[in-house]
Amino acid sequence: MPDIQTTLERLLSEAVAKAFGNEFADADPILRQATNPKFGDYQANLAMGLAKRLNQKPRDIAEAIKEKLPIGDVLTDAQVAGPGFINLTLNPDLLASQLAAMFKSDRLGVAVADPPMKVVVDYASPNLAKEMHIGHLRSTIIGDAIARILEFQGQHVTRHNHIGDWGTQFGLLLEHLIETGWANSTDTSISDLNVLYKEAKVRDDTDPAFAERARKRVVDLQSGDPQARKIWEQLIVESIRHMNQVFSCLGVKLTDDDLKPESFYNDRLPGVIEAIENAGLIRDCEGAKVVYVEGFFNKEGEPLPMAVKKADGGFGYPATDLAAVQYRVKDLQADRVVYVVDSRQKDHFRQFFKIAADVGWLTSGAELVHVGFGTIMGLDGKPFKTREGDTVRLADVLNEAVDRASKVIADKAPDLNAQEREEIARVVGIGAVKYFDLSNYRIKDYVFDWDRMLALEGNTAPYLQNAYVRIRSIFRKGEVDPSTLTGGGDGGGGADAIKLEHEAERALALQLLQLPRIIQSVADSLEPHRLCTYLYELASSFHKFYEKCPVLAADTDARRDSRLTLCDLVARTLKQGLELLGINTVERM
RNA sequence: GCCCACGUAGCUCAGUUGGAUAGAGCAGCGGACUUCUAAUCCGCAGGUCACAGGUUCGAAUCCUGUCGUGGGUACCA
888 MPDIQTTLER LLSEAVAKAF GNEFADADPI LRQATNPKFG DYQANLAMGL AKRLNQKPRD
948 IAEAIKEKLP IGDVLTDAQV AGPGFINLTL NPDLLASQLA AMFKSDRLGV AVADPPMKVV
1008 VDYASPNLAK EMHIGHLRST IIGDAIARIL EFQGQHVTRH NHIGDWGTQF GLLLEHLIET
1068 GWANSTDTSI SDLNVLYKEA KVRDDTDPAF AERARKRVVD LQSGDPQARK IWEQLIVESI
1128 RHMNQVFSCL GVKLTDDDLK PESFYNDRLP GVIEAIENAG LIRDCEGAKV VYVEGFFNKE
1188 GEPLPMAVKK ADGGFGYPAT DLAAVQYRVK DLQADRVVYV VDSRQKDHFR QFFKIAADVG
1248 WLTSGAELVH VGFGTIMGLD GKPFKTREGD TVRLADVLNE AVDRASKVIA DKAPDLNAQE
1308 REEIARVVGI GAVKYFDLSN YRIKDYVFDW DRMLALEGNT APYLQNAYVR IRSIFRKGEV
1368 DPSTLTGGGD GGGGADAIKL EHEAERALAL QLLQLPRIIQ SVADSLEPHR LCTYLYELAS
1428 SFHKFYEKCP VLAADTDARR DSRLTLCDLV ARTLKQGLEL LGINTVERM
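Residue numbers (the working numbering): 888 to 1476.
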């Protein structure tokens, strides 16, 4: 069954063609949801734009189109208003049958992509030399949400965790560890590593001789020196163990199969440089091999070089990133590669995307997208740090989230036992952190505010999770198993058919039916906050309905079944929507 | 200097890719609970959409400029 907007667009195109001729059939109907219920359900705004082409008054055009719109199964009313808006009111039976189809669909009416695209999503990608910190949060959860949404659409998604296991930072660490004897110690924890990395960084900044030795260690490592290699492996094992603990706590879908570390591309680097050289893009500059990308300048106003091979013979991140593009587009045949990385690296991405295009790797039409995001700020409006001014450990944030959620739940639902509360606190606390991040427009910075993210009102995870809980509570209380509902059976006209009588029911129905469009819009824009806004508005619509329309105490069985069906649709949509954001639900809270 | 984002109610944020009177939450004021979980709902108040031009039937949204904030400016990632 085509969705409502598609149906309306078809009717409008046919009406325009009938009124003004076939050459106008392809005019965009500019169909929008009505901004106000008094304007009906949808409005078509094409009459104003046609005025010039037709040399007629917009209102007359709108009237002419309106006259050709059939009133019946789809529309119960069409009115011209304002400068030439055509306000459309839908037949509630159509809404009900659409809802019945949605109810019967285990995908809630969301179509499967056909043909599917092959999409690589590069996210999380922490630097393994350090413990995971707050700076890794956004890439990890935004990337995971995007991957889940594309996957739900039926796209062929490949997750790549492009961990930093190969760069300059390992030179520092190796040199320092060899000197301090860490490699021979038996107790090697990630927290030690964190401290050691800081020490190494200080030495690197203050001791030129150390810095020189450290740089040489990178070249050793990349060329296969056994000692460097052995210590490096120890480091990696420990770091990945820690990373997986954090992922598990966050409920992120990345596994070891998704690891595509920088080192993975090592063998490909010479070939990549050669390909760029063959394309005539490489220049020599102070011993380094560089590419000049048009439109980029340094502080002196000179063309900005991008070093694909460093003066000391080592390879930096531009080489690795280019190798990764080649691998993803040529070997994996990706149609789309999505990089979920801090906005501050925007210029870097623009440069190597351009190089990839110039080398000729994108001739298949593959699209490279940088999904940038802003910085997490503290309450003081400056980048989020601990009171001592250190980076905030991600593990600490997640623990605190669960602790705080636990207190909120203890306050609101004292009858839950300790174990239940613990489980719920985990879902609510972690969900709150993730939702707070995802619900903001990702380009912008946001202030990390515990009280706001754990608030039970407003656009927060706890509010949505609670809306879900309330619905589940109705089914428990009424001892109704949702799977016994049919939505009116085939065709939606049975005894338990959905009936949209109250305006709150109608508003809820229209809201529910938007889901497929919202999913599509998130997949196109790669902006998960649109799904958050939708879920919040859905929960709001539900609460209005809940206030006005008794469900279990409805005056007839038919009305009760219809409302139960609506409730179940809302619950499933909330649960599915949150799941696409990587957030769980609970049955009570 | 150059380049890139962002600027919407007192605060935190949306605004369906150009549509009607710019919407939520918090904070403030006033209402509604022997409940299907009031963890909610209803109402009031709150705006020069940073500013100035431009594009057109129509601009918070697009283009130009100005101001403000933040970021980037090769061999760290």
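Just so you know, these hints were derived from the structure itself, not from any lab.
Hints should not be assumed to be uniformly reliable.
DEER-style ranges, computed between Cβ atoms [as the list claims (entries may be wrong)]:
1) A1382 / E1287: 44 to 54 Å
2) S992 / A1440: 28 to 38 Å
3) P889 / N1165: 47 to 57 Å
4) P1157 / D1094: 29 to 39 Å
5) N923 / A1440: 51 to 61 Å
6) D1199 / K1294: 50 to 60 Å
7) D1332 / N1165: 18 to 28 Å
8) E1310 / D1245: 20 to 30 Å
9) D1411 / E1466: 17 to 27 Å
10) D1298 / G1188: 58 to 68 Å
11) P889 / N909: 16 to 26 Å
Here a beta-carbon is modelled for each residue, glycine too, at the ideal position from N, C-alpha and C.
Hint by hint, here is what the structure shows:
{"no.": "1", "hint": "A1382 / E1287: 44 to 54 Å", "verdict": "holds (52 Å)"}
{"no.": "2", "hint": "S992 / A1440: 28 to 38 Å", "verdict": "holds (29 Å)"}
{"no.": "3", "hint": "P889 / N1165: 47 to 57 Å", "verdict": "holds (50 Å)"}
{"no.": "4", "hint": "P1157 / D1094: 29 to 39 Å", "verdict": "holds (32 Å)"}
{"no.": "5", "hint": "N923 / A1440: 51 to 61 Å", "verdict": "violated (31 Å)"}
{"no.": "6", "hint": "D1199 / K1294: 50 to 60 Å", "verdict": "holds (53 Å)"}
{"no.": "7", "hint": "D1332 / N1165: 18 to 28 Å", "verdict": "violated (42 Å)"}
{"no.": "8", "hint": "E1310 / D1245: 20 to 30 Å", "verdict": "violated (53 Å)"}
{"no.": "9", "hint": "D1411 / E1466: 17 to 27 Å", "verdict": "holds (20 Å)"}
{"no.": "10", "hint": "D1298 / G1188: 58 to 68 Å", "verdict": "holds (60 Å)"}
{"no.": "11", "hint": "P889 / N909: 16 to 26 Å", "verdict": "holds (21 Å)"}
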